[in-house]
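J.: Sequence:
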Amino acid sequence: MSAFREKVSEFKPKLQVVIESKLDEFKMLGYDTVSEDELWQCLENTLWRKNEDDPKLFQLVEDILSLTVNDYMNYIRIESFKSPTWQFGESI
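Just so you know, we're using my numbering here: the sequence shown kicks off at 959 and counts up by one.
Among the hints, erroneous ones may be present.
35 Å max Cα-Cα, derived DSBU-like pairs, lysine-lysine [to be verified]:
| # | residue 1 | residue 2 |
| --- | --- | --- |
| 1 | K972 | K1040 |
| 2 | K1040 | K970 |
| 3 | K1014 | K985 |
Quick list of simulated restraints, FRET-style, between CB atoms [as the list claims (entries may be wrong)]:
| # | residue 1 | residue 2 | range |
| --- | --- | --- | --- |
| 4 | T1004 | E978 | 16 to 26 Å |
| 5 | T1026 | R963 | 16 to 26 Å |
| 6 | K970 | E1037 | 19 to 29 Å |
| 7 | L1015 | S960 | 15 to 25 Å |
| 8 | E1010 | T1043 | 25 to 35 Å |
| 9 | K1014 | S1041 | 31 to 41 Å |
| 10 | V975 | E1002 | 17 to 27 Å |
| 11 | K1014 | P1042 | 36 to 46 Å |
| 12 | I1034 | E978 | 28 to 38 Å |
| 13 | E1037 | S967 | 16 to 26 Å |
Don't read these hints as lab results, they were simulated from the structure. C-beta: ideal position from N, C-alpha, C; glycine also.
The whole structure should be built from the sequences, with the hints applied where relevant.
T.: What follows is the structure in structure tokens.
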């Protein structure tokens, strides 16, 4: 795990309310199967993947709040293509 991700993980308890708010937003839009862990992995693997700076709490909050359902669904789609069980022609 990178130093950036370790530092971000230290902020996770402080970000709990923001994560729950984002999950509530997703549920309101009809995406009620998204879990906290899936959302966190999406953030780690997309928005926080290449950061080298020290994370600031306000930046992490902005990243979480700016994540859209479209961003999340694109992440899920790409991850499903990486899955060894996916076969061409199989519906997502």
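J.: Could you tell me which of the numbered hints above are not met by this structure, giving the numbers in increasing order?
T.: Of the numbered hints, just 12 does not hold.
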